[in-house]
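Here is what each chain is made of, one letter per residue.
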Amino acid sequence: MSRDAILGRVREALSVKTDPHVREVVKKSSHSLPVLANGPDGRTQAVKEFLPFVGDSLEDHVAAFKVLSEKLQTEFIVVPTVDSARQALAQLRQAHQWERIGIHDNELVQSCVDQLQVEFLNTSSDYDSHALEKCDVGISGCDALIAQTASALVTNHSAGGRALSVLPPHHVVVADASQMVTTMADGFALIREKHHDNWPSFISFITGPSRTADIERVLVLGAHGPKKLTIIMISA
Amino acid sequence: MSQSTNPTTQFQTDANRVTADDDRRSFLRSSLRGYQTTRTATQERFLNYESARIAAGDAKWEAIENLDIYLAQFADKLEARGATVHWCSDSNEARSAILNIIKEHDAKSVIKSKCMTTEEIHLNDLLEKEGFEVVESDLGEFIVQLREEAPYHFVFPAMHLKKEEINSLFQEKLKSINTNDPEELTMVAREVLREKYLSADIGISGANFGVAETGMISITENEGNARLTTSLPKVHIALMGIEKIIPKLEDLALMLPMLATAGTGQHLTCYNSQLGGPRQDDESDGPLEMHVVLLDNHRTRLLADPEQRDALRCIRCGACLNVCPIFKNVGGHTYGTTYQGPIGSVITPHLRGLKDWKHLSHSSSLCGACSETCPVKIDLHHHLLRNRRDAAGKGQGMLAEKILMFGFTIVMRRPWLYRLAGRLGKVGHVLTKPIHGTRIDPFYAWKKTRDLDDPAKQSFKQYWKSRK
Ligand code: SF4
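Those sequence lines, one after another, are chains P and U.
The first sequence begins at 50 in my numbering and counts up one residue at a time.
The second sequence begins at 7 in my numbering and counts up one residue at a time.
Hints were generated in silico from the structure; no laboratory data involved.
As the structure is a prediction and not an experimental result, all values here were calculated from the model.
Computed list of lysine to aspartate or glutamate pairs in EDC-like fashion (alpha-carbon distance at most 20 Å, straight line): (1) U:Lys179 x U:Glu139; (2) U:Lys169 x P:Glu265; (3) P:Lys277 x U:Glu197.
Derived, one-sided and incomplete: chain P residues facing chain U with beta-carbon distance under 8 Å: (4) Arg52; (5) Arg58; (6) Asp68; (7) Pro83; (8) Val84; (9) Pro101; (10) Asn205; (11) Val215; (12) Thr232; (13) Ser250; (14) Ile264.
These stretches of chain U come out as covered by chain P in the derived footprint (C-beta under 8 Å, 3 or more residues): (15) 140-154; (16) 158-170; (17) 222-236; (18) 252-260; (19) 283-294.
We put the CB at the ideal spot given by N, CA and C, even for glycine.
Generate coordinates for the entire structure from the input sequences, incorporating the hints supplied.
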């Protein structure tokens, strides 16, 4: 079987130890630098200690999230209550003339859209992807907001499948302030806790609206995914 | 690219042509300067970028030095989630594995997101020959596919093209409107590709990482095309080199920002998605089948090299190309390889044979900019030297070079001969002056691209003596 053949070749190749001189290059050039324990724990630690600092309190996190969102051209709206989130969505509907909205079975999403007078498509069970493509916006929940990167962390459970958050031209994430975490590693830990070994088949960190700079390095939003990303965070 | 079959000749011909094109070179340089500025700003936000590099490098060392264990774990986990794993020793096996899946599903159209490994195995050629419609969905890849050429850079495939050229390409091939505006051009591609996502039977993607612990592939992108490619078609095929493994899910929290920072200067790319299996019972969409095609294609040969297995830690960020003086001058197509720049020059001789590809290791100034910029600290410029050493050791040096070196050794060991040669050289230089720059000059080939100044009036030895 090719599996055995390839693994056999790998094992044979590794029977010769790596030249210590090559292995040393990393360490030698950096003897005065802080180095953490090798292994996954060290790496999770590294994300906190070496990557950009975003503070420890929720206020710090929200502030950092705001700064990066501006750079990314994510619309980040902080509102005090579910009611004000409802209003924010009503205003967005008005401004962008939404007529068809993709949603899914998510408590927060449902309670925020219940007063919108539009056509809904629910993606929590079998749905037609052509119909979703015709929606003006997809509104989803998320698993976490990541302060260090200004990302929304989603899975197919928290965001109504794989396509709701990428096919329509506008994606709105509704989140609660309690979902704000510091790093991507914290985000993974949350999913690990929620699903144990029964991982969702799709996890994604969404960091700003879809973009490209493939033509002369000019930034263009909405290459294939949403041209707009709005994150509404309810702070109380 | 030239039609020459000999990679060395092709390299020389193309390099000569590209280096003479001042306009294109300065276009390239200014675009890479833009990259450098963004990247520096992002890097400066790190609390400690150097230490982060070490940690990221360690994660890949751990994966590569235990590849047998992690690969097996990766495959087992994926299979437990309902995915099918195909183990392929070489391009042929990978191509036929993919072709079989497509045929089994009676598929007509295939949508692809960016995947250099499919370039490596020349998948598109095969699929098109078999009569399938294959569409590249990444904008840069879409553009070079329309031009029927290879990607110029494995991260920025169309970086060599100006908007005017893309405009005329789109007008000719897509009958689109006449516009030089990058935004409007992007929207043309968006419209064309929308319909393809919805109608394609098969989605083919690559993988930036394979997480052993959980059996997931991780895909990094900005456009959303990979997400659409892996969401809408009924079947998802991911082609992945066996070296892409990382041990744990949380390792991604470090690797993904490192990849983005070095790759494009972003702190994180727009979408970083982990896919572990096809649509599950409690899920509402996603492909019904997921196939992961694992490719060796001589990676184990590189792994067997106790020095250069280092290069298997590469996360394909492309940073070493962006800083390389050779890349900046000869451009991406000149390499004639799937992977350009320093990393391409290091690994191609292992993947495709030292004899035909050793010249790449000589086209280097050994400045070390590549090693310095690499986010996982691959010792790139020393590997170029190791390739040179190995080529010489295997007797693959040029005969003329050997004779020259033999003569050089004789002269250098005998001071009197050295002095004599110095004097003769001076006289020779003066005497041959009239033929300098002409083809009858015996050193024409060497001098063609180099300036040989008149020798100093006084030799160093004479100067030293007079100083006392
Ligand atoms: S060798 Fe290093 S710098 Fe070059 S592409 Fe690979 S990871 Fe990036």
